[in-house]
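Protein sequences appear in the order of chains S and P. So in numbering that gives the first Met the number 0, the last spot in the first sequence is 288, and the numbers never skip. So in numbering that gives the first Met the number 0, the last spot in the second sequence is 299, and the numbers never skip.
It is possible that some hints are incorrect.
Quick list of simulated restraints, FRET-style, between CB atoms [what the hints assert, rightly or not]: (1) Ala-62/P to Glu-191/S: 17 to 27 Å; (2) Gly-272/S to His-224/P: 33 to 43 Å; (3) His-244/P to Ile-77/S: 19 to 29 Å; (4) Lys-171/P to Pro-179/S: 38 to 48 Å; (5) Lys-30/P to Val-23/S: 55 to 65 Å.
If you are wondering where the hints come from, they were derived from the structure by calculation, not from laboratory data. Predicted model, so just to flag it, every value in this text is computed and none were measured. For every residue, glycine included, the Cβ atom is placed at its ideal position computed from N, Cα and C.
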Amino acid sequence: MTIRTLIALVAAAAAAGAADSGKVLWEGMSGGYSIRWTTADLSAQKAGSPSFSLKPMVERGFAAYRSAMAGDGAGHCIYQRTFEVISIVGPLIGLRDRYYTSCAEEAHPSVNSRLTTIDLTKPDDGGYGGQADEPLLTDSRHPGRVVSLERLFAPDRILAALIADPVLKSQVDTGARTLPLLIEGLDGEELEMPRSPCKQSVPKDILTRFAIHHVETAGVAVRLALEPVGGACQSSPADLGLLMPAPDRLREALRLAAERKEGFLQSGKAITGKTTIEYSLESRRSAGK
Amino acid sequence: MQLLKLGSSGSKVKLLKQYLNRLVTPSPNLKEDDPKFDAATQTAVIQFKTLWGVTPANGTVDAKTWGELGGAAGLQVWPSDALETVPDWFFSLIQGKTMLTGAFGFNRRKFFEAYMEHYGPLNQSQFKGLDALLSFIERDPDITDVRWAAYILATVRWECAGTWQPIEEYGKGSGHAYGKPVTVKKDGKSYTNTYYGRGYVQLTWHKNYINASKKLGLGDDLELHPEKVLVPDIAYRIMSYGMVHGEIFANGHKLADYSKKKQMDYSGARHMVNGTDHNSDIATIATQLEPMLRASINIF
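Isolated chain P, as found in the complex:
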């Protein structure tokens, strides 16, 4: 991982400044849109490390420091969004009941600490997106194996280019056969849409949208309004249904097919989505996420 120090520059420095402005008291008021790691940033890093007991308390930011920043941010997330970012499981504990209907509950602080220590910092959108996915998994009665959770998350991290949001394909299929608009007539109305990649599995092709809509009990809603695949809840249901049942996009391949042995076949599991396309990249991510998830499973 890249070491940030005096003289470094780039988007990671801007993100670092956001963390420091919120985690160091009094706030150093660093210019968050300035990508340069200047002397004031260095001083704030030393203050943060001293305050949070990170050793050595010097002015450099390594993987360990990011982990500590993440851990600190997990307790003290951006104040203006504090309520929004408090995870569902925490609310459920406060209310004396559990919202979990699935097999797992994940300790967010433990998970995000481990995640950020390994992969580096998350911006607010990524943090919320990953938190939402953990919540979906917690509520999903079909996800009964933590390795399945790891593979689902690895797929999203890859397919959605690290954004942790159910995004649209960049380029919208331009230059490809699936990038051509399709007109569908229903009840006397015409709907013209392009069925390029959308959602957590980058669902593509007209036929897949029709199948997804039917399997989720949504009639022809996703065919007529493919942008709804960008709604996190719908995107998750498509992914979970497909991978659990081997349908919609998964051509008969199911999560259970790849988890019969002690070691899940993360590489082969890619056949659920797309043959062997980047299967080793995604398998590597799943292998990294699995111990993070295991270590953060809550015992209620």
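Extracted from the complex, chain S is given alone in its bound form:
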């Protein structure tokens, strides 16, 4: 039987704030950029010219979602991204990016999250969000502004920190001699986490899912975001915490951020808030279905 489907797809860009009229959560200078974080956007300017905004990234993600949902007939759908800034160190902005989609006619919403570090000095020619089936997977060929941990720390240092992590150490073969071999070996593993019934997997782009968190005497604390395994666990993400030696080229920026002279870290009085960007669409099927 031929199925004829009429799709009424109304992609109404009902962004929560078309212009950035949101409440200011933090603003200041860092790494030569003027950065403004509000409930409606996170943006940066250099010498008075706009150089970054979250909105194009979210729009790219919504376009992929809208394309994937064409023909689904799932009714009224919401596409929402929520961002929390974890740190601003020089031109590096560490974010927690939460993805949420929900349609009226589906079994349940879809929830996902990751950590991301954006480098304001890089061109915006990719990143992630272009794939609806893996909406938070970094495009390895075009990472754009998305920073990989290897750009900040030597691979052998990252390897040493990972194999010393108690979660990994107790559950997986940590005998890998190189970082790529360790990451490859983690593919498909389901890690049990302390005090949680939810297992976590290690995404293949794990090295791009990080944010600088705070500094300690022994080094810089970095969080790496894992991915929960299973629908029942989709709202229960977990991070790994690594303590890395501070790279020389970041020492000054880390000091300024720790003292909150430029940017900030997660130490002292917390700087909190959320940027929410939301779109909606209608996807209907005809009675002839």
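Got chain S; can you put chain P on it based on the hints?
What follows is chain P alone, placed relative to chain S:
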């Protein structure tokens, strides 16, 4: 898959010890709550391999060894629960009649051997849960294609986070719109419930509970008592009805829509539940399960 050997530790080692204590004669009496793979565990592994003809009979546990442990456990499941874990099809054979009303019967030993060889060991709850699902499929006259069975099982494995039980969503919707309680008044009584994810498809939202209850002929029972979606039989009926008829949660998408060609569109089938959410993860699981199911279909 992770190789277990002398010096390894973790929950898989604890599970290994449970198997060894029951499968090696005399029982090595390994400490089942100790996550360390010690010398006594190594000796017991060698004894098991020798006893069951697993080569090489060394002290390491790889995927093949798990498969053999699973196969052995299939014959000699935990003694205290032996009656509970004997599958329905086996009872039906003993009684000289078949309980099957669907298109399939699955040889449990063949299936569980293949499953555990691929995915690793199952604990008792997982074993029972997966066995129950196979039984539901066997009795379900609407499941007429083994690929549908594979997709149903793949959905449950993903949605229920590998537990093989119709569980509640962890976090109970906290922080989300659907995590807010809803009060319903019926016959002068008030019922306050939260319609977060429950059951084999993690059914969410008030409207879906109302629809499920009506379609299953349960009146408003699931709306007033959403915890009943955690009952395996009800959870299965919701999933099967939804996927076969394209209703309740499936927004018009049916299993039959995705199985018209020789190769089932496991990736597209995710539209029955939730758009493209983790569609490739679930498609991979279905693709892995399909040959296991095919190889274990019983010819009565």
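Hint-by-hint comparison with the structure:
In this structure the supplied range 17 to 27 Å holds for Ala-62/P paired with Glu-191/S, their Cβ-Cβ distance being about 19 Å. The hinted range of 33 to 43 Å is satisfied by Gly-272/S and His-224/P, whose Cβ atoms lie roughly 39 Å apart. Look at His-244/P against Ile-77/S: about 26 Å separates their beta carbons, and that is inside 19 to 29 Å. Between Lys-171/P and Pro-179/S, the C-beta spacing of about 39 Å keeps the proposed range 38 to 48 Å intact.
Between Lys-30/P and Val-23/S, the C-beta spacing of about 58 Å keeps the proposed range 55 to 65 Å intact.
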